[in-house]
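Trainee: In case you want the letters, here they are:
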Amino acid sequence: MKYRAKIEVSLKPGHTDPEGNTTQRLLKELGYSVDAVNVSKTYNIQIEATTAKDAKAKAEEMAKRLLANPTKDNYTITIEEQK
Amino acid sequence: MKPEEIRVCVMRVGGTNCDAETERAFRELGVQAETRHLNELVKRKNLMDYHVLVFPGGFSYGDYVRAGVIFARRLYAKLGKELRAFVEDNRPILGICNGFQVLVEEGLLPGFEPMSAYPEASLAANIPQGYNCRWVYLKHESKGNCIFTSRIPQGKVLRIPVAHSEGRFLFPKEQEQQLLERLYEEDLLVFRYCDEHGNYAEGRYPTNPNGSFHDIAGICNSQGTIFGLMPHPERALYWWQQPDWTRQTQMPQYADGKLVFDGLLDYLAKKH
Chain A
1 MKYRAKIEVS LKPGHTDPEG NTTQRLLKEL GYSVDAVNVS KTYNIQIEAT
51 TAKDAKAKAE EMAKRLLANP TKDNYTITIE EQK
Chain B
84 MKPEEIRVCV MRVGGTNCDA ETERAFRELG VQAETRHLNE LVKRKNLMDY
134 HVLVFPGGFS YGDYVRAGVI FARRLYAKLG KELRAFVEDN RPILGICNGF
184 QVLVEEGLLP GFEPMSAYPE ASLAANIPQG YNCRWVYLKH ESKGNCIFTS
234 RIPQGKVLRI PVAHSEGRFL FPKEQEQQLL ERLYEEDLLV FRYCDEHGNY
284 AEGRYPTNPN GSFHDIAGIC NSQGTIFGLM PHPERALYWW QQPDWTRQTQ
334 MPQYADGKLV FDGLLDYLAK KH
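Note that the protein sequences, when read in sequence, are chains A and B. With the working numbering, letter number 26 in the first sequence gets 26, and the count goes up by one each step, no holes. One gets the working numbering by counting positions in the second sequence from 1 and adding 83 to each.
FYI, nobody ran anything at the bench for these hints, they're computed from the structure. Among these hints, one or two may not hold up.
Taking lysine to any residue and the SDA-like style, the derived pairs with C-alpha atoms no more than 25 Å apart in a straight line are [unchecked claim]:
#	chain 1	residue 1	chain 2	residue 2
1	B	K164	B	N129
2	A	K64	B	E203
3	B	K256	A	P70
4	B	K164	A	K28
5	A	K28	B	N129
6	A	K64	B	V148
7	A	K28	B	K161
8	A	K64	B	K161
Stretches of chain B that chain A covers, calculated by requiring three or more beta carbons in the stretch to come under 8 Å of a beta carbon on chain A [claimed, not checked]:
#	segment
9	199-205
10	252-264
Each residue gets a CB set at the ideal place from its N, CA and C atoms; glycine is no exception.
All chains should be modelled from the sequences, with the hints used to inform the complete structure.
Mentor: What follows is the structure in structure tokens.
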């Protein structure tokens with residue numbers, strides 16, 4: 001089966017997000033009332049797996065081994081079956 | 084071991100851009116230094132032919148995902164066994180700038196768990212945001228554990244430049260103080276950002292150019308043989324590389340960065 005794993009990596013709470021803060025400042029300068037901006041990165045990964053559970057386990061491993069640094073990053077995984 | 088017998092491997096991949104000057108710094112000291120692509124070392128399986136391994140500065144693999152992580156993971160996948168043997172033999176490894184990021188992502192630094200499967204620290208995006216290229220002052224903190232800085236007295240202030248976008252050293256928030264204590268207890272803290280008089284930056288920009296936790300600029304492992312730092316000692320090798328050289332009446336032949344390479348040579352001379 002083909003699946004699409006959407007892995008979103010974002011900063012853990014308490015860590016400063018310099019890109020988010022700079023973006024927030026600019027949005028304010030452009031006239032928007034913005035309380036906070038948090039930047040995250042999304043990886044859309046096409047994978048072969050026997051079940052959705054198996055696909056999620058593979059995506060979890062990818063996040064841990066490469067995409068997120070546990071010191072500062074959180075990640076969420078969404079699995080969709082591909083037709 | 085005589086300097087001319089020492090073999091240094093400067094490892095490069097796509098996006099590395101400080102390999103030539105790093106190799107030149109070692110050659111200046113009379114050692115055999117050569118730049119090798121990771122793929123060449125994989126093909127020849129000859130990492131153990133070298134006495135020293137150096138990860139130079141640059142933007143390996145475009146700094147994609149996180150700075151240094153793709154280099155680190157490829158290294159682990161392609162050369163993990165040889166690298167483990169190199170580390171277990173206590174052969175020195177130096178990581179400069181992007182090389183420091185590689186060593187942290189590889190789990191070799193701080194190395195609380197030897198060759199940890201996951202990074203124990205992070206070199207995150209600078210605060211203030213963006214690329215920062217400037218001369219900074221560093222205070223030497225090591226009490227003697229780090230073999231690279233053995234010639235530098237504790238408390239001495241050095242002037243060496245930084246050039247990076249992701250150099251903010253971080254520990255996990257919930258363990259920050261506890262891990263900082265371990266750095267001190269195990270003598271792993273090597274350089275902190277300070278002003279020219281040796282007063283710590285205390286996070287203030289531009290003395291601390293990236294917002295690093297505790298003004299950390301460089302650390303080593305518990306054996307003192309693996310050392311990573313964000314500043315570039317190879318860019319502060321000769322007197323004429325310093326920004327104010329035309330205003331000086333007396334200049335020594337070399338600049339402060341050379342001390343890092345000298346310490347390494349002293350260690351190798353004694354070891355064999």
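Trainee: Would you check the hint for A/K28 and B/K161, treating anything up to 25 Å between C-alpha atoms as holding?
Mentor: Since the Cα atoms of A/K28 and B/K161 sit roughly 47 Å apart, the hinted pair is violated (cutoff 25 Å).
Trainee: Please verify whether B/K164 and B/N129 have alpha carbons no more than 25 Å apart.
Mentor: Holds, at about 12 Å.
Trainee: Next pair to validate is A/K64 with B/K161; report whether the Cα-Cα distance is within 25 Å.
Mentor: 19 Å, holds
Trainee: For the pair supplied as a hint, B/K256 and A/P70, is the alpha-carbon distance within the 25 Å limit?
Mentor: Roughly 11 Å between the alpha carbons, so the hint for B/K256 and A/P70 holds.
Trainee: With the threshold set at 25 Å, check whether the alpha-carbon distance from A/K64 to B/V148 stays at or below it.
Mentor: Roughly 13 Å separates the two Cα atoms, so the pair holds.
Trainee: When you check the alpha-carbon spacing of A/K28 and B/N129, does it fall within 25 Å?
Mentor: 56 Å, violated
Trainee: Does the alpha-carbon distance linking A/K64 and B/E203 stay inside the 25 Å limit?
Mentor: Holds, at about 13 Å.
Trainee: Are at least 3 residues of the segment 252-264 of chain B within less than 8 Å of chain A when you compare beta carbons?
Mentor: holds (count 4)
Trainee: With a C-beta cutoff of 8 Å, work out whether three or more residues of the segment 199-205 of chain B approach chain A closely enough for the coverage to hold.
Mentor: With 5 residues closer than 8 Å to chain A, the segment 199-205 of chain B meets the three-residue bar; holds.
Trainee: Is the Cα-Cα distance between B/K164 and A/K28 25 Å or less?
Mentor: 52 Å, violated
Of the numbered hints listed earlier, those contradicted by the structure are 4, 5, 7.
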